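**Q** Make the full structure from the sequences, and use the hints.
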Amino acid sequence: MSKLHVTTKINGDTVEYLCDPQESLLDVLRDRLRLTGAKEGCGSGDCGACSVELDGRLVCSCLVLGVEAEGAEINTIEGMATGETLHPLQRKFLEHAALQCGVCTPGILIAAKNLLERNPDPTETEVRYWLAGNLCRCTGYDKIINAVMDAAAEMRGA
Amino acid sequence: MVKVTVWGSLRSFTDGQAVVEVQADTFKSVLDALAKDYPGLIPQIEAGVSLAIDGRIYKDSWFTPVTPDSEVVLMPLMQGG
Amino acid sequence: MQYAAPETAKEASRLLAECAGPARVLAGGTDLLVQMKAGMVEPALVVDIKKIAGMRDITAEDGGWRIGAAVSGAELGENAGVTADWPGVVEAFELIGSTQVQGRCTMAGNLCNASPAGDSVPAMVAANAVARIHGPEGVRDCPVGDIPVSPGKTSLGKGEFVTSIFLPARPGHCGDAYLRFIPRTEMDIAVCSAGVSLVLDDNGVCTAARVSLGAVAPTVLLVDAAANALIGSKLDDAALEACGSACAAAATPISDKRGTVEFRKDVSAVLAKRAAKIAQQRAGGRS
Amino acid sequence: MAFDEYQKRDFKVIGTTPLRPDGIDKVTGRAQYGADYYLPGMLVGKMLRSPYAHAKIKSIDTSAARAMQGVKAVVTADDFPGTATGETLDVQDHCLARGTALYDGHAVAAVAAIDAETARQALKLIKVDYEVLPHVTSIEDAVKPGAPLVQEGRRGRKVPKQFSDNCTGWCEFGHGDLEAGFAKADKIIERTFKTSSTHQGYIEPHACLASMGSDGRADVWCCTQGHFHVRNLCAQIMDMDQSALRVTASEIGGGFGGKTTVFIEPVALLLSLKAGHPVKVVMSRDEVFKASGPTVASMTDVKIGMTKDGRITAADALIRYEGGAWPNLTIFPGAQSAFACYDLEAVRAQGLNALTNRPLQAAYRAPGAPQSIYAVEAVVDELALELGLDPIDVRLKNAAKKGTKSSYGPTYDDIGLVQLLEAAKAHPHYSAPLGPNQGRGISSGFWFNFGGETCVSLALDFDGSITLVEGNPDIGGSRASMSMMAAEELGIPYEKVRTIVADTASLGHNEVTHGSRVTFAVGLATIKAARAAKTEMCRRAAKIWGIDEDAVVWEDGFAKPAGPNAGEYEPMSIEKIAKDSPRTGGPIVGHHEVTAEGAGVSFGVHICDLEVDPETGFTKILRYTVLQDAGKAIHPQYVEGQLQGGAVQGIGWALNEEYIYGEDGRLQNAGFLDYRIPVASDLPKIDTVILEIPNPGHPYGVRGVGETGIVPPLAAISNAMSHAIGVRMQELPMSPPKVLKAIKNKG
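Residue numbers (my numbering), protein chains in the order written: chain A, 1 to 158; chain B, 159 to 239; chain C, 240 to 526; chain D, 527 to 1273.
Accuracy of the hints is not assured; some may be wrong.
In the EDC-like style, the derived pairs of lysine to aspartate or glutamate whose C-alpha atoms are separated by at most 20 Å in a straight line are [to be verified]:
no., chain 1, residue 1, chain 2, residue 2
1, D, Lys1211, A, Glu126
2, C, Lys496, D, Glu1257
3, D, Lys1146, C, Glu425
4, A, Lys3, C, Glu281
5, D, Lys931, B, Asp212
6, D, Lys684, B, Asp227
7, C, Lys276, D, Glu643
8, D, Lys1264, C, Asp495
9, C, Lys516, D, Glu1141
10, D, Lys1211, C, Glu425
11, D, Lys650, C, Glu501
12, D, Lys1267, C, Glu376
13, C, Lys289, A, Asp55
14, D, Lys684, B, Asp212
15, C, Lys289, A, Glu70
16, D, Lys1211, A, Asp150
17, D, Lys1022, A, Glu70
18, D, Lys927, B, Glu229
19, D, Lys1267, C, Glu281
20, D, Lys931, B, Glu204
21, C, Lys289, A, Glu117
22, D, Lys927, B, Asp212
23, C, Lys496, D, Glu979
24, D, Lys1270, C, Glu480
25, C, Lys516, D, Asp1139
26, D, Lys1211, A, Glu124
27, C, Lys290, A, Asp150
28, C, Lys276, D, Asp1200
29, D, Lys928, B, Glu204
30, C, Lys276, A, Asp31
31, C, Lys290, A, Glu73
32, D, Lys1272, C, Glu501
33, B, Lys186, D, Glu979
Pair ranges (Cβ atoms, derived) [as the list claims (entries may be wrong)]:
no., chain 1, residue 1, chain 2, residue 2, range
34, D, Glu643, C, Ser394, 28 to 36 Å
35, C, Ala464, D, His953, 50 to 58 Å
36, C, Lys496, D, Val658, 19 to 27 Å
37, C, Ile470, D, Pro962, 32 to 40 Å
38, D, Ser1099, B, Ala193, 49 to 57 Å
39, A, Glu16, C, Val500, 50 to 58 Å
40, D, Asp587, C, Gly293, 50 to 58 Å
Hints listed in this document are in silico derivations from the structure and should not be mistaken for laboratory results. From a predicted model like this one, the values you see are computed outputs, not experimental measurements. Where a beta carbon is used, it is the ideal one built from N, C-alpha and C, also for glycine.
**A** If you want it as structure tokens, here you go:
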């Protein structure tokens, strides 16, 4: 079966690729475009380590076909910092030691960024439920929640 | 002479004694003496053992000194997770 | 596998009808792609319906709402109108999967996946929702409860697919609610679930009710006996108790890795009672 | 060998919380994990796995797969050189079945192809003729005489007669006269407890890239807790010299003991050799659950006698573990740690290991301790309840302390259990009011920690900054801790030290990152390497000043003359010594190689409040407090992280995590949907209290803290549950169906 040509925008850059019809967006990002920031933890939408933004929506890239990205706008972890300036969330995750092994960190950062764009002043419960789809096995989530709340406060200029 | 405590399930190889006395002054000489005096222990020693000397657990460190008043306890090889 | 993204429903249903091998519709894909990855299905054709006009629209119609088959959970949750009229349906839809899944999953997909534990289906059945179906013979409407036939199987004919879900108008004091049981607080498939929709008169007496249960039978169960236990009452304890025991009696669950027969019978009764009370509060607040 | 005595000192860098050196890469997505490596000409490798729990492999026909376009190699266990023996042969068999499939998901063949889709299709063309055999997956069935036999000839030497031939290991620890002890007891309670097998749950599936040439030299990149161990295992299996194989550890996406061995690396090497190309193998989540190394399941009988005023007079336990189709040794630490928290006159812990048709168990954070301590702490809690005594007071009355003869033999040195119990009792959590359907439970916990082979090299770069090279994969931030210890010892800022984890060709052998040993042992070696560099720097300063070497000391980053006849010289900075080093003898490198000994044990005490919905059995953790002895917290945030992470894994283990097997012996929940690890919305904050009772065996007093955190939650939550619903729960996990049933049966 022949591959399909896709034109899309990733982290602000227009990108073209060929992919198999059944190939997931995650596999395209990693194996064709070498954007390995998104990780496959489960391949079934249960862990969130492959989270990206698709047209502003937080999604699991393992549950999107590569061909569905045609004409879409995708944001991955690789686009979160601006040059040498980290996003406040990235900075706060380091300051709060909100990561240990770090394999869930890209997915959680993308999810948290998406949350704060919609809700600049979330409660702890709102943060925890928003991030329920991002599994972390090392930290027990405590410092992740603290880092997101702290970043939210800074971004609000509170 | 050094008093060596062996754990429960090995006592069938030390004529039922919980504590045996051997002539030794280092980690290795304790194991060599145990093997000589109680051949039943050889399979366990070869599979790997640790020695607790005065409360510290040593894993295969042959030249650790052992004195007659040291508390020496034979222990299984340590593994972690 | 072939991928097609037709721009009209007619074209989509033609592609589906003419495909020799297994064909699947792709809206959100949060069930389909999991099944493909696990090798449970290897479609010869996937028809993406998101480019068909209207699929992503939420439009007011006859006092109710028509929700396009490609409207995601996140999008529906942000629609004030539907959330106000049908809070139970929206909360059921929003319980599906994680925030990430909510960004993609659709009610039509949840319905046509025909899982006995699909979260939106009991609430839609309680709401008496109607699915609009496009097929080779044209368009037809069908109550959502008639679409799932058995786990993984629907009553849709070859070439047919759901293009929208219609939630009817809401008369006077009416309220609906949906509850499910999962061992965690998120990310699970319902061990059992209950949807209740009811109407109260001016002095709080229940004049109409629909009670539906999920994950306790091959398809969603509409339990008339449970509804009748509420109708005519002010949902006092006795009425709620009768409604609960009617649900436990009607449920025919299995024991599996998620729950036992005994647990599902007991807890579906508890959920039905609790959902009825929430629906009552919501109905009380509406005139 | 002098002991590295702990000297009290006030620290400048130790105890602060600098940012980790691997942080930027991890928050920007640049960090490379196991599956993030690519090479020119790289093929994709995939395994064909047995659909049966136990089946003889009569024949494997790979001809159609070999003939398929795009397939470059197809291998079975027969393609291995066949030189591995003993435990290494067990590891090889676990990776690729040899004659018999021993568990659902056991790999029987593997292919390497130009892409994943071709590899998947090729697997379908391999025809395997299985002869299905009877299987056993539960501990109860496996130990019964006449149980289906998993493997021939594996019965343990000392296993008592009444147990089946599946039983490979038997041990017994303890001292004193049990009979006399139980005779003195006012109250005796005897109960049986069961725990299910659980998985470490690391979010990163196993992944590796192997590149082997026909000259017998090879490279492997993989996520692992111990790349030196991976090298040595693979070298034995592939009949190579260890030096011919270089293994590079990628960043690791969690391990918790589950990445301390090999599951796919030998097969990737074999495929690469046969195909003449690099081969990448990445496990799916389904494969991780079926074919990596989950924990042992357990069935433990505990009998404890106690006087009216709460003194334990005798304690006895029979601990049964099952951990897969090959013998494993987890029963030893399991039996040893069962009563390790207690000061007992009469104690016995008997341990039994049995084979089952399941993957070979690997360690999971304090392997063996959670299961046995859970049972003991539950009976102690019930005795306290029955006798109307406060659970902490009972534990204080029987707590192990300095001079206590431990249940596993040696006498304890300085340990912190009493201080922890007192801190827990004084903590506001312990006296906070509780509502209806709520319960509070406590539990103590223990783990050994240990040292092991360690090599560190510390180079003084010409600008005075430091490159510290170590060989232990860093999961929880140990690179930062090493830089801190080096900076502390050299008296220079933390930022001046860069710590990297080197491959197996750059350093002598390093023991795996496990046993909570890294901060202790690699820290010890780092300090010694820094001292070696200081000695050399002082020597260079002495030569420049023309005075005696012993007349120079090192203080705060400077060589200084000291002593009566040292003379007056300006202190010489590390930068100056570094800049001149090419002309004063050559580059300066301090290094240290040792089998580190003297790791101190680490105790913990947890308090848990939970609430149970009596109508559904749903359990919500309301409040959780972890108290643990760290000896010295090098980087307090990272120590907290270990305590919080361990506690949450324990919460999952107690409430919802389990391996569920069908009648056919197949795993029913091989995915994160139905293998339920805790999610963010399930949990409250996890409060932590770090106590620092210095470990005499480390210069800074460090104790390992990585593992103890997972031990107390099982009993703390089970005890809290029993108080909340008024029924003693004796099985884990306490999932809602079991809780609701217990409430209903209470009547």
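**Q** Next step is simple, just say for each hint if it's right about the structure.
**A** Hints and how they fare:
| no. | hint | in the structure |
| --- | --- | --- |
| 1 | D/Lys1211 x A/Glu126 | holds (14 Å) |
| 2 | C/Lys496 x D/Glu1257 | holds (17 Å) |
| 3 | D/Lys1146 x C/Glu425 | holds (13 Å) |
| 4 | A/Lys3 x C/Glu281 | holds (17 Å) |
| 5 | D/Lys931 x B/Asp212 | holds (11 Å) |
| 6 | D/Lys684 x B/Asp227 | violated (31 Å) |
| 7 | C/Lys276 x D/Glu643 | holds (11 Å) |
| 8 | D/Lys1264 x C/Asp495 | holds (13 Å) |
| 9 | C/Lys516 x D/Glu1141 | holds (16 Å) |
| 10 | D/Lys1211 x C/Glu425 | holds (17 Å) |
| 11 | D/Lys650 x C/Glu501 | violated (41 Å) |
| 12 | D/Lys1267 x C/Glu376 | violated (52 Å) |
| 13 | C/Lys289 x A/Asp55 | holds (14 Å) |
| 14 | D/Lys684 x B/Asp212 | violated (28 Å) |
| 15 | C/Lys289 x A/Glu70 | holds (12 Å) |
| 16 | D/Lys1211 x A/Asp150 | holds (15 Å) |
| 17 | D/Lys1022 x A/Glu70 | violated (47 Å) |
| 18 | D/Lys927 x B/Glu229 | holds (17 Å) |
| 19 | D/Lys1267 x C/Glu281 | violated (41 Å) |
| 20 | D/Lys931 x B/Glu204 | violated (27 Å) |
| 21 | C/Lys289 x A/Glu117 | violated (25 Å) |
| 22 | D/Lys927 x B/Asp212 | holds (14 Å) |
| 23 | C/Lys496 x D/Glu979 | violated (44 Å) |
| 24 | D/Lys1270 x C/Glu480 | holds (17 Å) |
| 25 | C/Lys516 x D/Asp1139 | holds (17 Å) |
| 26 | D/Lys1211 x A/Glu124 | holds (10 Å) |
| 27 | C/Lys290 x A/Asp150 | violated (40 Å) |
| 28 | C/Lys276 x D/Asp1200 | holds (17 Å) |
| 29 | D/Lys928 x B/Glu204 | violated (32 Å) |
| 30 | C/Lys276 x A/Asp31 | holds (17 Å) |
| 31 | C/Lys290 x A/Glu73 | holds (16 Å) |
| 32 | D/Lys1272 x C/Glu501 | holds (16 Å) |
| 33 | B/Lys186 x D/Glu979 | holds (18 Å) |
| 34 | D/Glu643 x C/Ser394: 28 to 36 Å | holds (34 Å) |
| 35 | C/Ala464 x D/His953: 50 to 58 Å | holds (52 Å) |
| 36 | C/Lys496 x D/Val658: 19 to 27 Å | holds (22 Å) |
| 37 | C/Ile470 x D/Pro962: 32 to 40 Å | holds (33 Å) |
| 38 | D/Ser1099 x B/Ala193: 49 to 57 Å | holds (56 Å) |
| 39 | A/Glu16 x C/Val500: 50 to 58 Å | holds (54 Å) |
| 40 | D/Asp587 x C/Gly293: 50 to 58 Å | holds (53 Å) |
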